[in-house]
Each structure stands twice: as structure tokens, then as C-alpha cells.
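S.K.: So you can see what is in the structure, the chains are spelled out below.
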Amino acid sequence: MTLRVYVPGDAGAVAVGADDVAAALRAAAQARSVAIEIVRTGSRGLYWLEPMIEVATGAGRIAYGPVTPVDAASLLDAALGDGAHPRRHGVADEIPWLKRQTRLTFARCGVVDPRSLDDYRAHGGGQGIAKAVSLGAPATIEEIVASGLRGRGGAGFPTGIKWRTVAQADAPQKYIVCNADEGDSGTFADRMIMEGDPFCLIEGMAIAAFAVGATKGYVYIRSEYPHAIAAMRAACAAARRGGLLGRNIAGSAYGFDIEVRAGAGAYVCGEETSLLESLEGRRGIVRAKPPLPAHQGLFGKPTVINNVLSFASVPIILAEGAAFYQDFGIGKSRGTMPIQLGGNVRHGGLFETAFGITLGELVDDVGGGTCTGRPVRAVQVGGPLGAYFPRALFDTPFDYEAFAARDGLIGHGGIVVFDDSVDMARQARFAFGFCAIESCGKCTPCRIGSTRGVETVDRIIRGEDRAANLAVLEDLCHTMKFGSLCALGGFTPYPVMSALTHFPEDFGATPKRLAAAE
Amino acid sequence: MHSDYELWDVARATALIAAHRDREGPLLPILHAFQETFGYIDEAAVPLIAQALQLSRAEVHGVVTFYHDFRRAPAGRHVLKLCRAEACQAAGGDALVARAAARLGCAMGATSADGSVTLEPVYCLGLCATAPSAMLDGRVVGRLDDQRLDALLGEAQR
Chain U
5 MTLRVYVPGD AGAVAVGADD VAAALRAAAQ ARSVAIEIVR TGSRGLYWLE
55 PMIEVATGAG RIAYGPVTPV DAASLLDAAL GDGAHPRRHG VADEIPWLKR
105 QTRLTFARCG VVDPRSLDDY RAHGGGQGIA KAVSLGAPAT IEEIVASGLR
155 GRGGAGFPTG IKWRTVAQAD APQKYIVCNA DEGDSGTFAD RMIMEGDPFC
205 LIEGMAIAAF AVGATKGYVY IRSEYPHAIA AMRAACAAAR RGGLLGRNIA
255 GSAYGFDIEV RAGAGAYVCG EETSLLESLE GRRGIVRAKP PLPAHQGLFG
305 KPTVINNVLS FASVPIILAE GAAFYQDFGI GKSRGTMPIQ LGGNVRHGGL
355 FETAFGITLG ELVDDVGGGT CTGRPVRAVQ VGGPLGAYFP RALFDTPFDY
405 EAFAARDGLI GHGGIVVFDD SVDMARQARF AFGFCAIESC GKCTPCRIGS
455 TRGVETVDRI IRGEDRAANL AVLEDLCHTM KFGSLCALGG FTPYPVMSAL
505 THFPEDFGAT PKRLAAAE
Chain A
9 MHSDYELWDV ARATALIAAH RDREGPLLPI LHAFQETFGY IDEAAVPLIA
59 QALQLSRAEV HGVVTFYHDF RRAPAGRHVL KLCRAEACQA AGGDALVARA
109 AARLGCAMGA TSADGSVTLE PVYCLGLCAT APSAMLDGRV VGRLDDQRLD
159 ALLGEAQR
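As you go down the protein sequences, you meet chains U and A in turn. Residue 5 is where the first sequence starts when you use the working numbering, and the numbers rise one by one after that. Residue 9 is where the second sequence starts when you use the working numbering, and the numbers rise one by one after that.
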């Protein structure tokens with residue numbers, strides 16, 4: 005009998021030694037003359053337990069973690085004898101942190117072999133595109149509209165409306181572009197899907213192509229993700245061989261193919277028009293809108309450009325129906341959101357759940373507080389352009405509108421946890437500095453404002469004419485927020501102003517003065 | 009690694025351009041191919057690409073200089089990227105950056121005097137739940153601490 009062991013090949017697991025664990029398991033098995041099959045999966049997203057391996061048994065997949073190469077021998081003995089082991093967590097699906105999630109988009113991630121289209125299909129993959137083909141293009145779009153799916157990249161624009169606009173555009177050539185330029189610190193959901201369930205993304209893009217009448221697709225992946233680039237290229241090749249891409253997708257008369265392109269280290273290329281410029285071979289300079297990419301996108305052609313998670317949510321919506329998906333969530337935020345917990349957090353990882361869970365539940369309960377054991381002082385939600393929230397706002401439900409109402413944003417769903425050693429004035433300075441490094445330079449508020457912002461925060465930190473410089477800071481943020489062309493300059497004021505509003509003591513300002521200013 | 013790269017060669021460069029020029033939006037794939045082959049984008053590459061793609065030299069230069077990834081000179085034998093973004097800051101990344109710079113005797117963006125390591129900032133590797141993170145020549149490393157950093161530096165400087 006061959007012992008089957010699942011070891012993540014996900015970059016997050018590899019970064020903490022998964023490859024060494026796989027090699028040690030193989031060696032230990034050989035030493036015991038035990039036949040072993042090691043399947044390299046994606047990650048389940050329980051990163052604090054990575055490398056987390058799973059051993060196939062009659063009772064299910066038994067998880068062990070975090071495993072080191074030194075554990076390999078004792079772990080193998082425990083697995084063979086079905087005995088106890090200090091790293092053993094029982095059946096993976098029953099681990100409370102995983103069990104309390106609602107995994108729709110990430111149902112297969114960490115479970116299947118990301119290189120096997122057969123495994124994908126054995127776990128329900130391919131049903132979405134089959135359903136779309138049977139429904140026809142217009143009904144497919146209406147399913148997405150009815151599901152309430154909104155852009156998971158951060159802007160939250162209704163995906164179905166975008167698709168409908170492209171479908172209605174009359175053009176001989178249309179494109180599907182996947183924005184996989186996941187540059188926000190604290191986010192890694194796109195990376196996980198591409199490394200752990202790439203066919204799901206491919207299927208979502210194929211459904212979009214079928215729905216709007218596009219024949220060519222691009223996945224633009226940031227260069228900081230070499231594992232994801234390799235995984236997507238391999239998956240596209242396998243999808244071509246297996247009929248998920250190519251001349252007759254899913255047995256239809258419809259043809260669609262995808263090409264993977266690598267970015268080159270520019271954060272601003274996560275902005276959709278900048279990304280299109282980059283794909284076309286130019287500097288990633290933001291375009292003014294209108295025209296919308298849906299009308300004039302890649303090479304001037306109507307283009308659906310969506311985030312990885314938006315596309316990856318499409319197959320299950322088609323397979324299970326709009327009503328099924330729409331049933332999850334609250335208000336105008338329907339379905340589930342893959343939330344990512346990172347930074348100084350005890351239980352960091354990917355937690356997919358219906359919209360509506362509070363920030364406090366996520367940070368304290370799911371995340372288990374800080375890794376250092378010190379009190380949580382602030383969390384930044386939504387990446388480098390997201391607001392810092394203090395504990396006083398931990399009752400905020402995870403929902404697009406609820407965060408907006410408190411001058412924040414959920415963005416791409418990343419939460420970075422900071423303990424009480426954080427200096428919020430320095431975080432505000434970093435936000436401006438990052439904007440200055442990454443600004444494309446097209447609009448003045450962002451290009452100049454970011455640098456003036458760094459200088460102004462420096463003066464405040466040095467204690468120079470605080471009141472006047474705080475006034476300059478607020479005025480500058482106002483200008484950037486309303487005068488910038490895109491979210492880079494426009495949203496940099498979120499981390500800055502939230503730091504100032506909620507943590508004025510770090511700026512040497514009195515809370516009273518700020519309250520009066522509001 | 010630097011030693012794996014080929015020396016700049018016009019014939020080789022021309023072949024790389026030919027391999028990509030018929031793709032849609034060929035400039036970034038060509039620049040990536042150059043950097044993967046030669047380790048950097050030689051100044052002589054700019055007019056070569058410009059002519060092949062019917063672009064001005066200024067346009068090609070503009071693209072090369074816009075993106076952080078593209079080098080205009082060879083790096084050290086190894087490239088160590090340390091993440092400077094928020095999640096790694098929260099987990100103590102800044103202290104590791106200072107330690108690496110002190111040990112190598114060079115600032116971020118510079119190469120150690122012995123030419124062994126180029127130290128570069130990176131803004132997120134997507135390893136935020138196992139922060140702080142680094143990448144040594146394409147190999148990702150998480151849960152970085154002083155000991156692991158020293159081991160990485162030792163390996164790179166060997």
C-alpha cells in the first residue's frame with residue numbers, strides 16, 4: 005500500500021521549509037521501505053501551521069503542522085501506526101479555524117493537485133463553464149449580475165455590469181484581462197489561488213470570455229510571484245491539452261486562449277488602466293477615464309479586466325446558481341470574501357467567510373491577537389492605501405459600505421495587525437513615501453503631494469511648528485484625495501488621515517484639536 | 009546567480025527580440041528575456057529594441073527606467089530582497105533590514121564591496137502571514153529572524 009502525503013508547494017509554505025519537509029519525508033519512507041506518494045498541493049491557508057502536511061487515511065486527511073524536516077521520521081511512524089504525534093491536528097477539514105470558514109472560492113485550494121486538470125474536475129471543477137455554455141452568453145451574464153458579485157480587487161464595482169457593458173460593445177476583437185498584480189501588503193489570496201487552484205481562475209476567465217465574446221485573455225502577474233507565474237503557465241498548458249482552453253472550450257464551438265504575462269515591479273500597475281498600458285509595452289502610466297476599459301481597454305478594444313478573486317468566484321456562481329451565492333453576505337456585499345490576516349498576528353492566513361463578520365472577531369478571535377503577545381494597537385485594512393483602524397472601531401462589520409462609512413476600505417481583503425510598539429506617525433510617513441516611490445507621475449497631486457507629505461510628516465515628527473504642519477498635512481490629503489487621477493494618490497490619504505485621526509498622540513497633537521477640526 | 013548569465017551579445021540579443029517581436033505588446037517580454045539572459049539591460053539594447061519595434065529610443069529608455077525590476081548594470085553575484093512593506097514592518101522587518109545593511113556594509117539598493125550580494129527592497133512577496141520575508145535569488149524565505157538572516161547572508165557571501 006502506498007502512503008499518500010500532501011505537502012504544500014505554495015510559496016508561503018515553501019518559504020518556511022515545505023520543500024525540505026517533502027525531501028525528508030521521502031528519505032524517511034525510503035529508510036523504512038515504505039512506498040510513499042507525495043502530492044504537492046496549494047496551501048489550505050493556515051499559515052501559522054505551515055508547513056502543514058496531510059496524510060491520506062480511511063478516516064480522511066490527517067493534518068500535521070508546523071512540520072520540520074526533523075519531524076519526518078517520527079511523523080511517518082505515527083502516520084503508519086495511526087498513533088499520536090505532538091504535531092497532529094486530526095482531520096484537516098475538522099480543524100476549527102478551517103471548519104468555521106465558508107469556502108466557496110477557496111474550496112479546492114490546498115486540497116487538489118494544482119497541476120492536474122483531472123483532479124480539478126474530480127473536485128467539481130468545470131461545472132461552471134458547462135453551465136454557462138448550456139445557458140448561453142446573455143443568461144450567463146445575468147447570473148453574475150444576480151449573484152451580486154463585486155470586484156474583489158478593491159473597487160467593488162459590480163462584475164456582471166462590467167461584463168454586460170463589454171458584451172454590448174460591438175467590436176471584432178475583445179479581451180479578458182486578469183489583474184494578478186496583487187501588490188497590497190497583507191494580501192496573498194490571488195497568489196494562493198494561482199498556486200493552489202489555477203484551473204478555477206482559468207475557468208472563470210473562460211466563462212467571462214464566452215459571456216462577452218472575447219477570444220484572447222491575459223493574466224498579468226507581478227514579478228514578485230515567480231511561483232504563481234510558473235503555476236499559471238503550467239496550468240494554461242494543461243488546460244489547452246484538456247479542452248478547458250483552446251479552440252473548443254468545454255466542448256463548445258467557442259475558442260479562447262490565455263497568455264501569462266509578468267509585471268516588472270511597479271505597484272501602480274495594479275491600477276487597471278496602468279496595467280493595460282504595461283501589457284501594451286509602455287510605462288505603467290494611468291489613463292484618464294473615460295473611456296472605460298469596457299469600451300476601450302487593451303489595444304483600444306473592449307476589455308473585461310477583473311481581479312483574480314472575481315474570476316475565481318465565477319465558476320461556483322454558475323455551478324450553484326446566483327441565488328446560492330447571493331444568499332451569503334449582508335447589505336450590498338454579497339457572497340464570501342477571502343480575508344487575509346498578516347503581519348504581527350498569531351494565527352495568520354486566509355479566512356474565507358460571508359461578509360458581515362466584525363473586524364474584532366477577525367483580529368482577536370480568528371487571528372488570536374498578536375504574535376508577540378503584546379496588545380493589538382492598530383490594524384491596517386485593505387493594503388497600503390487602506391485606513392488604520394484602532395480597537396475602538398473593531399465593531400465594524402466586514403462590508404464595503406460599512407468600512408467606507410468609517411473612512412476606510414476593505415480593498416482586497418488584507419488585514420495587517422500591529423502591536424502597541426507601532427509608531428503611527430512613522431506609518432503615515434511610510435504611506436506617503438511608498439506613494440512617492442510608486443507614483444506613475446502623471447498627476448501632480450500624487451507625484452508632488454506624496455513627497456511634500458513625507459517632508460511635512462518629518463517636520464511634525466521633529467516637532468517643528470506642529471499645528472501649522474498638521475494643517476498642511478490635512479490640506480494636502482484633501483488635495484490628493486480629490487485631485488488625483490487614480491487610487492494611488494487618491495487613497496494614500498486613508499492611511500495618513502486615519503493614523504492622525506485615531507492616534508493623534510503619536511503626532512504630538514491633542515485629540516481635542518483634531519475633534520474641533522472635524 | 010550572476011555567474012549563470014551570458015555576456016552581452018548583439019547576435020543573442022537580436023535572436024531574443026526575434027523570438028518575441030510578433031507577440032502583442034512585445035516590449036516587456038523582450039526586456040524580461042534580456043534580463044534573464046544577461047542579468048541586466050545593456051545600454052546597447054535600447055537602440056536595438058527601438059529599431060526592431062519601430063519605437064523611439066526615448067520610449068524604450070522610458071520603459072526600462074519606469075519599472076523597478078530592470079537593472080541597467082549587473083547586480084552582485086546574489087540578490088537579496090528584503091520586504092519593506094507594512095506586514096513585514098509589523099513583524100520586525102525594519103530591524104532585519106538594518107542588520108543586513110550593517111553586515112554587508114552597504115545600503116539598500118547597493119552591492120557589498122566584495123561583489124557578493126546586492127541588497128534590495130521589495131514591497132510585498134505575498135508571504136504576509138509568515139512575515140518578515142525575504143527572497144534570495146528567487147528563493148523565498150519566511151519567518152525571518154536574526155539567525156535565519158545571518159544564515160542567508162553567510163550562504164550568499166560564501
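In case anyone wonders, no lab produced these hints; they're calculated from the structure. Just to be clear, a hint being listed does not mean it is correct.
Claimed, not checked - No more than 25 Å apart at the CA atoms, straight line, and that leaves these computed lysine to any residue pairs for SDA-like:
no. : chain 1 : residue 1 : chain 2 : residue 2
1   : U       : K446      : A       : R65
2   : U       : K446      : A       : E67
3   : U       : K293      : A       : R29
4   : U       : K305      : A       : H28
5   : U       : K220      : A       : P37
6   : U       : K446      : A       : V130
7   : U       : K220      : A       : I25
8   : U       : K446      : U       : K220
9   : U       : K220      : A       : R29
10  : U       : K305      : A       : V130
11  : U       : K220      : A       : R65
12  : U       : K305      : A       : D30
13  : U       : K220      : A       : V130
14  : U       : K305      : A       : R31
15  : U       : K446      : A       : D30
16  : U       : K220      : A       : D30
17  : U       : K446      : A       : Y75
S.K.: Work down the list of hints and note, for each, if the structure agrees.
M.R.: Now the hints, each set against the structure:
1. U/K446 x A/R65: Distance of about 21 Å is within 25 Å: holds.
2. U/K446 x A/E67: Satisfied, since the Cα-Cα distance of roughly 16 Å is no more than 25 Å.
3. U/K293 x A/R29: Measuring from Cα to Cα gives roughly 30 Å; hence the hint is violated.
4. U/K305 x A/H28: Holds. U/K305 to A/H28 sits at ~22 Å (cutoff 25 Å).
5. U/K220 x A/P37: Given that 25 Å is the threshold and the Cα spacing comes to 17 Å, the pair holds.
6. U/K446 x A/V130: 23 Å, holds
7. U/K220 x A/I25: 23 Å, holds
8. U/K446 x U/K220: Roughly 29 Å between the alpha carbons, so the hint for U/K446 and U/K220 is violated.
9. U/K220 x A/R29: Distance ~18 Å between U/K220 and A/R29 Cα, so the pair holds.
10. U/K305 x A/V130: 33 Å, violated
11. U/K220 x A/R65: 30 Å, violated
12. U/K305 x A/D30: Given pair U/K305, A/D30 holds - Cα atoms ~19 Å apart, limit 25 Å.
13. U/K220 x A/V130: 32 Å, violated
14. U/K305 x A/R31: Judged against 25 Å, a Cα distance of about 16 Å means the pair holds.
15. U/K446 x A/D30: 29 Å, violated
16. U/K220 x A/D30: Between U/K220 and A/D30 the Cα gap is close to 15 Å, so the pair holds against 25 Å.
17. U/K446 x A/Y75: Holds, at about 15 Å.
Violated hints for the displayed structure, listed by number in ascending order: 3, 8, 10, 11, 13, 15.
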